[in-house]
Amino acid sequence: MKITVMQKMMYALLLLLTLGLSGCSMGETVQPWDKAILARPEMTFEGDPLDTKYVEHIYSSKEAASGGAGVGGGGCGCN
Amino acid sequence: MKSVPTKKTHVLGAALFAAALALPSYQTAFAEATPEHGNVAFKYLNYKDSQPGNDRIGVNAITGSLMMPFAGTWTVSSSYTYDSVSGASPTHHDVVSSASIKETRNAGDLSFTKYLPNGSWAFGLSYSKESDYVSNGYSVQRSLSTEDKNTTVTFGGSYTTDTVGHNNYATNPPVNVEVGKKEIISGLFGVTKILSKVDIIQLNIGFSKGDGYFTDPYKSYDIRPKQRNITTLMARWNHHFENTDGTSHLSYRYYTDSYEVAAHTLTAEYLHPLPNHLTIIPSLRFSSQSAAYFYHPYSAADYPPADAVSGTMPYSMDQRLSGFGALTLGMKAEKKLASSWTADLKLEYYKQLPGWCINGSGDSQLKEFNFTSIQLGVSHEL
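As you go down the protein sequences, you meet chains A and B in turn. All residue numbers for the first sequence refer to our numbering, where the first residue is 1 and numbers rise by one. All residue numbers for the second sequence refer to our numbering, where the first residue is 1 and numbers rise by one.
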């Protein structure tokens, strides 16, 4: 697979962001007793799973781009 | 001028809900603690797309799902979807007409998740079947959290194998002929980090390598490469507003593939609580994609297209591989009811126009494309 300049830039950005996210310098240290809000369903990235599945499949059938949020998922005839 | 029955499947139908719902093996990138309660949910979808002066595909889908914790640190999740597609597929070009179609699909999935003190393992299976398309998927995902649970690293992979057929709708019932297979191997790496007691962010990078039959058997002069490799980068940020008790969800995805399609997708929604356990969720999505290198606008001077007729070059006039921009407006309402039941209603309107492409040029010959969708769901905590 040929790697384009844009992809190289993206990998570099990813590396920087990953290092930043993994480091201690980003954000405050949140203690367990401060996570009441973070534990709410609306603060997770899962959302409404059935809603997400419907919407992602509509877009994957009407646009060329898809994916990005997770792995797996069945194939479909949308090409 | 050749007219080709575009049926549903490969146009939308299949796509739509098929696998979709079968996304059993679909694992979102982030694992938390073992859920204390199970959940059962049902959701109905009505989808209708159109182009100026023409109503096209209509889809009705119903999905049921069940998630149950067991053995202390495991959950099992499963869903089943049935959908029916009717109407005519979109006119991607004036030269490609549509045929009336009616198709049904059955899709199911099953996944198991094992929760550990520092993360989780998830294993998934998916299956989807319609008369001319069968898909099987398998996935595994591992999440690892730091001791303070403020950072989680996720990596996973999946394998999907699809069998593609072509229905001859000139016969009754249609005769299906297998035209090819394809295999897709995908991987994902993600980092989720708590930034503050009201902020959480996530960054995912995904790779996908596909080999096999990617051509749309229902389109005229459609010849696609036998490989399709995809890279995605997605960033998401959830923020809670303490003054309103509302929550915003922002995301950006960059997509690029070996077709030389590049796409930028921005999504924003805001969950605003109202009295009487009601929450309203307005949403906005904008996406712009560039055209595939083998997308060609229709040209009367080159029809049938010489490259496609010779079969030596990839060639497609599929609107979905052209450059365009698309905007979606949505509104959802969720209402908590008695006895741990929740009901929701969601409406969305989508418009796709060649002139809205911001990272390339659109095909000005293409008509705008619109869809509306309605979702109605209920869920119950067990």
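These are calculated hints, taken from the structure and not from any lab test. None of the values given here were measured: they were computed from a predicted structure. One should not assume that every hint holds.
Unchecked claim - Below, in silico cross-link-like pairs of lysine to any residue (SDA-like), each with a Cα-Cα straight-line distance of 25 Å or less:
#1 Lys114(B) to Leu38(A)
#2 Lys197(B) to Glu42(A)
#3 Lys129(B) to Glu42(A)
Okay, the hints, checked on the actual structure:
1. The straight-line distance between the Cα atoms of Lys114(B) and Leu38(A) is roughly 22 Å, inside the 25 Å bound, and the hint therefore holds.
2. Simply put, Lys197(B) and Glu42(A) have alpha-carbon atoms about 14 Å apart, close enough for the 25 Å limit, and the pair holds.
3. Distance check on the hinted pair: Lys129(B) and Glu42(A) sit about 33 Å apart at the alpha-carbon level, beyond 25 Å; violated.
Comparing the model with each numbered hint stated earlier shows that hint 3 is the single one that does not hold.
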